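*Asks:* Each chain is listed here by its residues.
Number of protein chains: 2
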Amino acid sequence: MITVATAECFTHANIGLTIHKAAAGYEDFEFKYLFSDEDLKLIKNVRVLTAMFIPSIVGAEKLLDIKLPEPDYNYRYAKAYSEEKDLEVAKLMAEALKKKLNANISIGTTAGVGRGAICILTDNNCYLFTSDVYANLVTFENVKERQKNGIEKGIKKFLEILKREYF
Amino acid sequence: MITVATAECFTHANIGLTIHKAAAGYEDFEFKYLFSDEDLKLIKNVRVLTAMFIPSIVGAEKLLDIKLPEPDYNYRYAKAYSEEKDLEVAKLMAEALKKKLNANISIGTTAGVGRGAICILTDNNCYLFTSDVYANLVTFENVKERQKNGIEKGIKKFLEILKREYF
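Which chain is which? The protein sequence lines are E and A, in order.
Just so we're aligned, residue 16 is where the first sequence starts under this note's numbering, counting upward by one.
Just so we're aligned, residue 16 is where the second sequence starts under this note's numbering, counting upward by one.
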């Protein structure tokens, strides 16, 4: 069993929840179109330990035992970083989660102002990338579009990496 | 700000994610029909610190610093308890999360064989109840129906309790 854990912000735990639904054999789920028939077979060897939505700094720090940088923007509701800081924070979250749960693959996501960041950490490599959509968490501009793109891109990359490194 | 945190299993983090979408002012979201106009106003005073989907024992134990009982059923994928044990575990998860994040309200959910359990812990009270739908996680029978009922019942009770205790 290949274990997977995610700590997500702008993707709302949907990367982890989608991998879980595919792995547990759900017949229908929202992002099923991202999985080939081969993917749906291989993913039966995956087990999701947790899929966390963590919008707050306090939540990330206390649940993952890390210290995050100060936010770049004032936003009453959640942490809001620049893209540069998001890249750093997504990696910090993925690293802490991988260590804490001893998972084979961990995924961290966060997005404030910019394209946001996704980090996929395997037993051998670190993949760090942004979504393709610029958005602004503070004004809400394009936030939904960035979220959908981040979920799709995150799952696609995860499947590519899973096949290349584990099968 | 009234802070809320959830650790969910059979409800797939949807109780926490839905409260977050309402609190952050999303115009449309799946379970919006559960919120009255008054609810949508009051919920602006709520802030979700985390909404966690935790199907695994190892995930719950390591992220929440608790010890869970042995599962009652063999299920390759996740923990599977009887309803009696689910009631115990939902409470353990809510208690640990409330303490860890110092949240005003915490919610724990889990469901194996039976109706599953939901625990809502406020600063003053503990509400522990089942869903209305019997299902079996091991055979997958009725699992989707129980999930929908658990999400709806959990959110409805949360809104009732929020208004009674905090406004």
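I should point out that these hints are in silico values taken from the structure, not numbers from a laboratory.
Just so it is clear, the structure is predicted and the values come from calculations on it, not from any experiment.
Certain hints may be false.
Stated by the list, open to error - Calculated lysine to any residue pairs in the SDA-like style (CA-CA distance at most 20 Å, straight line):
no., chain 1, residue 1, chain 2, residue 2
1, A, K77, E, K59
2, A, K77, E, V158
3, E, K59, A, Y92
4, A, K115, E, E76
5, E, K77, A, L107
6, E, K163, A, D43
7, E, K59, A, D43
8, A, K159, E, V73
9, E, K178, E, K115
10, A, K59, E, V158
11, A, K115, E, D80
12, E, K115, A, V73
13, A, K159, A, N140
*Asks:* Now tell me, hint by hint, if it's right for this structure.
*Replies:* Structure-based check of all given hints:
For the suggested pair K77(A) and K59(E), the alpha carbons sit about 24 Å apart, so the restraint of at most 20 Å is broken. Annotation: proposed proximity of K77(A) to V158(E) is violated, straight-line Cα distance about 32 Å (limit 20 Å). Under the criterion of a C-alpha separation no larger than 20 Å, the hint pairing K59(E) with Y92(A) is consistent with the structure, at around 10 Å. With a CA separation close to 11 Å, the supplied pair K115(A) and E76(E) stays within the 20 Å bound.
Using a Cα cut-off of 20 Å, the hinted pair K77(E) and L107(A) holds, with the two alpha carbons roughly 18 Å apart. Pair hint K163(E) plus D43(A) holds up; C-alpha atoms about 15 Å apart against a cutoff of 20 Å. Distance hint between K59(E) and D43(A) is unfulfilled; the C-alpha atoms sit about 33 Å from each other, more than 20 Å. The hinted pair formed by K159(A) and V73(E) fails the criterion: a straight-line CA distance of about 32 Å is larger than 20 Å.
With a CA separation close to 24 Å, the supplied pair K178(E) and K115(E) exceeds the 20 Å bound. Between K59(A) and V158(E), the direct Cα distance comes to roughly 19 Å. Compliance with the 20 Å bound is thereby established for this hinted pair. Taken as a hint, the K115(A) and D80(E) pair is honoured in the structure, with Cα atoms around 11 Å apart against an allowance of 20 Å. Restraint check for K115(E) and V73(A): satisfied, since their Cα atoms lie roughly 10 Å apart, inside the 20 Å limit.
About 29 Å separates the Cα atoms of K159(A) and N140(A), which puts this hinted pair outside 20 Å; it is violated.
The structure fails to meet hints 1, 2, 7, 8, 9, 13 from the earlier list, while all remaining hints are met.
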